[in-house]
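Let chain A serve as the given structure and place chain B with the ligand on it in line with the hints.
Each protein sequence line maps, in turn, to chains A and B. Residue numbers 1 to 473, in our numbering, belong to the letters of the first sequence in order. Residue numbers 1 to 227, in our numbering, belong to the letters of the second sequence in order.
These are calculated hints, taken from the structure and not from any lab test. Keep in mind that the hints are not guaranteed to be accurate.
To give an idea of the interface, some chain A residues facing chain B are shown, with a C-beta separation under 10 angstroms as derived from the structure [what the hints assert, rightly or not]:
no.	residue
1	F46
2	E69
3	T265
4	F366
One side of the interface only, derived from the structure: several residues of chain B facing chain A at Cβ under 8 angstroms [unchecked claim]:
no.	residue
5	L21
6	G23
7	R38
8	L40
9	T115
10	M117
11	V194
12	I197
13	G199
No more than 25 angstroms apart at the CA atoms, straight line, and that leaves these computed lysine-lysine pairs for DSS-like [stated by the list, open to error]:
no.	chain 1	residue 1	chain 2	residue 2
14	B	K57	A	K35
15	A	K29	A	K9
16	B	K57	A	K29
17	B	K209	A	K35
18	A	K100	A	K235
19	A	K93	A	K235
20	B	K57	A	K169
21	A	K283	B	K114
22	B	K57	A	K193
Don't be surprised by glycine CBs; every beta carbon is placed ideally from N, CA and C.
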Amino acid sequence: MDSTSKNFKANSRRALDDSTLQRALGNIKTGFQEKRRQVTSELPEFEALRDQGRDIKNHVLANLDFYLERFEEKVVENGGVVHWCRTPEEARKTILDIAKTRNAQTVTKGKSMVAEEIGLNDYLEENGIEPVETDLGEYIIQLRHEPPSHIIAPAIHVTREQIAEDFRKHHTDLDPERRLETPQDFTDEARAKLRDRYFAADVGVTGANFLIAETGSTVIVTNEGNGDMTQLLGKCHVVIASLEKIVPTLEDASTILRLLARSATGQEMSVYTTFSTGPRRAKDLDGPEEFHVVLLDNGRSAMLGTEFQDMLRCIRCAACMNHCPVYAAVGGHAYGWVYPGPMGAVLTPSLIGVEEAGHLPNASTFCGRCESVCPMRIPLPKMMRHYRTREFERDLGSPRVKSALKLWAGLATRPKLYRFATGIVMRVLGALGGKAGKFKSLPLAGGWTKVRDMPAPQGKTFHQLYAEKKRVA
Amino acid sequence: MSSARDQILGSIRKSLGREALAGEDAAKLHEKLARPPRNLIPDRTDLDHDGQVGLFKDKLVAAACSVSEVSGMDQVPKALSEWLGRENLAARVIQSPALAADLDWSDTPTLEVKTGMSDGTDETSITPIFAGVAETGTLMLQSDASLPTSLNFLPENHVVIVRENQIVGPLEDAWARLRTARAAESGETMPRTVNLITGPSRTGDIEQKIQMGAHGPRRLHVILVRD
Ligand code: SF4
Numbered sequence: 001m002d003s004t005s006k007n008f009k010a011n012s013r014r015a016l017d018d019s020t021l022q023r024a025l026g027n028i029k030t031g032f033q034e035k036r037r038q039v040t041s042e043l044p045e046f047e048a049l050r051d052q053g054r055d056i057k058n059h060v061l062a063n064l065d066f067y068l069e070r071f072e073e074k075v076v077e078n079g080g081v082v083h084w085c086r087t088p089e090e091a092r093k094t095i096l097d098i099a100k101t102r103n104a105q106t107v108t109k110g111k112s113m114v115a116e117e118i119g120l121n122d123y124l125e126e127n128g129i130e131p132v133e134t135d136l137g138e139y140i141i142q143l144r145h146e147p148p149s150h151i152i153a154p155a156i157h158v159t160r161e162q163i164a165e166d167f168r169k170h171h172t173d174l175d176p177e178r179r180l181e182t183p184q185d186f187t188d189e190a191r192a193k194l195r196d197r198y199f200a201a202d203v204g205v206t207g208a209n210f211l212i213a214e215t216g217s218t219v220i221v222t223n224e225g226n227g228d229m230t231q232l233l234g235k236c237h238v239v240i241a242s243l244e245k246i247v248p249t250l251e252d253a254s255t256i257l258r259l260l261a262r263s264a265t266g267q268e269m270s271v272y273t274t275f276s277t278g279p280r281r282a283k284d285l286d287g288p289e290e291f292h293v294v295l296l297d298n299g300r301s302a303m304l305g306t307e308f309q310d311m312l313r314c315i316r317c318a319a320c321m322n323h324c325p326v327y328a329a330v331g332g333h334a335y336g337w338v339y340p341g342p343m344g345a346v347l348t349p350s351l352i353g354v355e356e357a358g359h360l361p362n363a364s365t366f367c368g369r370c371e372s373v374c375p376m377r378i379p380l381p382k383m384m385r386h387y388r389t390r391e392f393e394r395d396l397g398s399p400r401v402k403s404a405l406k407l408w409a410g411l412a413t414r415p416k417l418y419r420f421a422t423g424i425v426m427r428v429l430g431a432l433g434g435k436a437g438k439f440k441s442l443p444l445a446g447g448w449t450k451v452r453d454m455p456a457p458q459g460k461t462f463h464q465l466y467a468e469k470k471r472v473a
Numbered sequence: 001m002s003s004a005r006d007q008i009l010g011s012i013r014k015s016l017g018r019e020a021l022a023g024e025d026a027a028k029l030h031e032k033l034a035r036p037p038r039n040l041i042p043d044r045t046d047l048d049h050d051g052q053v054g055l056f057k058d059k060l061v062a063a064a065c066s067v068s069e070v071s072g073m074d075q076v077p078k079a080l081s082e083w084l085g086r087e088n089l090a091a092r093v094i095q096s097p098a099l100a101a102d103l104d105w106s107d108t109p110t111l112e113v114k115t116g117m118s119d120g121t122d123e124t125s126i127t128p129i130f131a132g133v134a135e136t137g138t139l140m141l142q143s144d145a146s147l148p149t150s151l152n153f154l155p156e157n158h159v160v161i162v163r164e165n166q167i168v169g170p171l172e173d174a175w176a177r178l179r180t181a182r183a184a185e186s187g188e189t190m191p192r193t194v195n196l197i198t199g200p201s202r203t204g205d206i207e208q209k210i211q212m213g214a215h216g217p218r219r220l221h222v223i224l225v226r227d
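Excised from the complex, chain A in its bound form (with noise of 0.2 angstroms):
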């Protein structure tokens, strides 16, 4: 997918004026927040589990190599194809390929984040395949061409009127009258338009939760049993999924489902948790016929060993998102790329370089919920810094320049400093900017606005922005 992350400000300022936006974005507190709250309440040994999810995961990645040979030898054993990919671009072709192989005219979908990573919906039409996704929340936003806005519930941008038009405009062979009121009348809907293309699928792609080393099964975790059909009923299951999914054993797998539900949707289980080993076996009634598993690298194996290797520990549930007040503000789409929130400030500039996303880091107010909450205990905030840090040592001109944002980078780790001084640099430079829009020189980074243009500060800050929006809400 490409990136808008660059705009991250002008995309923010834009979230903050959509009035639809912003009621939708107020589901959240009430909804993820308040059953994480409820259902870890009721585990006494959720916090012991998660240092044990996180000393897990580090076991992992210490070991990474050992287990990745050892989970491709049991695929191959119980009768798959692991596909390794140093790139997107190999991934999809890789994929691609499987699906030209079986003359494949649609390829259903699970959910899956590292498929949007890798652009591959896109990268199928253009080769003349349709993609069918099978999430609601997924459909939703492909009947809309957007992409997720959140890595557990894509469409959480959008409202059940817009949903209505969407489906008025798509669903055609339907009475225009019918009623789309009530979210049982979209899944209706959704359920009776998606059954047909499930057993018409050559392949189905999902994604995997966890990839397990001791049996070489991949795991997904769902609510609606989409993933399960796709997976089920196409001639074909594809599994994509990054290096870091990995854990050794079902016992692994088994301790970190007990965090991974309760942090995302506030279940202890989710509905299905699902373990696919191979195709169909010999005598098997049902199940896919070929198993592939595509493994995705995508820089993650450069970033081992460096301070940014924590981030690999991430199982995806979203509670750093779900807890923050930057996001609940703005809402996904403003970070411009995949995974937004405080995961996606990190992994951002990690997977597309800090010229993309450099600046995503500092999207963040520094009250650390991301990190009380993540259940693999990322340290989200320390991270975000670690890039402003890189940001600030990348070659950025003059050493005059060097000192004025380390001024900045200061000021930028104590929250309330720098609301206050950047309060006065941005108003400042709002009646400097003016009309035109855009800087060409700005007095502190000169060596950063010869190379791009910077949107002129409208004369608030976005924590000013913000704090009012708060307010009339």
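For chain B with the ligand alone, kept in the frame of chain A given last:
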């Protein structure tokens, strides 16, 4: 030129600052995989078997399942037929082939019974399970020549038969049983599919309101056989 596989493994090793694991280091990991140690298991399942059965039932209800109890397998057809009536559902069911030998339907002549896998048109299926996990009210089902996975997902209503001795405390105990059962049978740990199912299908994708029956079954009914 080396393959993508070698390059990725090479890059991992370079980042970790070491060669491929060998000797004792590798042996330790092989041992972990051969005899997986257990991690922390929550206390809540630390109960006698009756206590675990009680917890299992509570957790099923919390996950939005319904439960009825019978005293033997011979009572199952009647219990199913009554439940269909209560829910106002058609008197038709598809059973997994694995149940064909265990269930005698002759006392429920008005019930239409098919055996096999689902083609997507069946309203109600009935299947056995492999284990019931009391910890979270989770059902463990496996695929097999007589256990098609499609019955767990395609019908609108899924009815499962749980025998009391299939109920275990934590998830780890269900894995232990699966390993033992499969070692005796085929040697491989895992069948093609293991489903852990906790309640009926649902989605929160429309404005975060929970709606049942997204793609999978809308209703999940458990017939608990206390024999
Ligand atoms: S960073 Fe932590 S809280 Fe955020 S998605 Fe990853 S595991 Fe969940």
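Against the structure, the hints:
1. A least Cβ separation of about 9 angstroms between F46/A and chain B falls short of the 10 angstroms threshold, and the interface hint therefore holds.
2. Interface hint status for E69/A: upheld, as the beta-carbon distance to the closest one in chain B is roughly 7 angstroms, under 10 angstroms.
3. Against a cut-off of 10 angstroms between C-beta atoms, the interface hint on T265/A holds, since the closest Cβ of chain B lies about 7 angstroms away.
4. A distance limit of 10 angstroms between C-beta atoms decides the matter here; for F366/A the minimum to chain B is near 27 angstroms, and the interface restraint is violated.
5. Interface hint status for L21/B: upheld, as the beta-carbon distance to the closest one in chain A is roughly 5 angstroms, under 8 angstroms.
6. The closest approach between the C-beta of G23/B and any C-beta of chain A is roughly 12 angstroms, which is over the 8 angstroms cut-off, so the hint fails.
7. Hint status for R38/B: holds, given a least beta-carbon distance of 5 angstroms to chain A, under 8 angstroms.
8. Given hint, L40/B at the interface with chain A, holds; its Cβ is 6 angstroms from that chain's nearest Cβ, closer than 8 angstroms.
9. Restraint check, T115/B versus chain A: the minimum CB separation of about 11 angstroms is more than 8 angstroms; hint violated.
10. The closest approach between the C-beta of M117/B and any C-beta of chain A is roughly 5 angstroms, which is under the 8 angstroms cut-off, so the hint is satisfied.
11. Because the closest C-beta pair between V194/B and chain A is about 4 angstroms apart, less than 8 angstroms, the hint holds.
12. Of the supplied interface hints, the one on I197/B holds, with its beta-carbon coming within about 6 angstroms of a beta-carbon of chain A, less than 8 angstroms.
13. Interface hint status for G199/B: upheld, as the beta-carbon distance to the closest one in chain A is roughly 5 angstroms, under 8 angstroms.
14. For the given pair, K57/B sits about 22 angstroms from K35/A by alpha-carbon distance, which is consistent with the 25 angstroms threshold.
15. About 24 angstroms separates the Cα atoms of K29/A and K9/A, which keeps this hinted pair within 25 angstroms; it holds.
16. In summary, the hint linking K57/B to K29/A is not supported, as the alpha carbons are separated by about 31 angstroms, beyond the 25 angstroms threshold.
17. Between K209/B and K35/A the CA atoms are separated by roughly 13 angstroms; this keeps the pair inside 25 angstroms, and the hint holds.
18. The suggested pairing of K100/A with K235/A holds, with an alpha-carbon distance near 13 angstroms, which does not exceed 25 angstroms.
19. This hinted pair checks out: K93/A and K235/A have alpha carbons roughly 19 angstroms apart, not beyond 25 angstroms.
20. Note on K57/B and K169/A: the hinted pairing is violated, with a Cα-Cα distance of about 45 angstroms set against a maximum of 25 angstroms.
21. Among the hinted pairs, K283/A with K114/B is consistent with the structure: their alpha-carbon atoms are about 20 angstroms apart, no more than 25 angstroms.
22. Distance check on the hinted pair: K57/B and K193/A sit about 35 angstroms apart at the alpha-carbon level, beyond 25 angstroms; violated.
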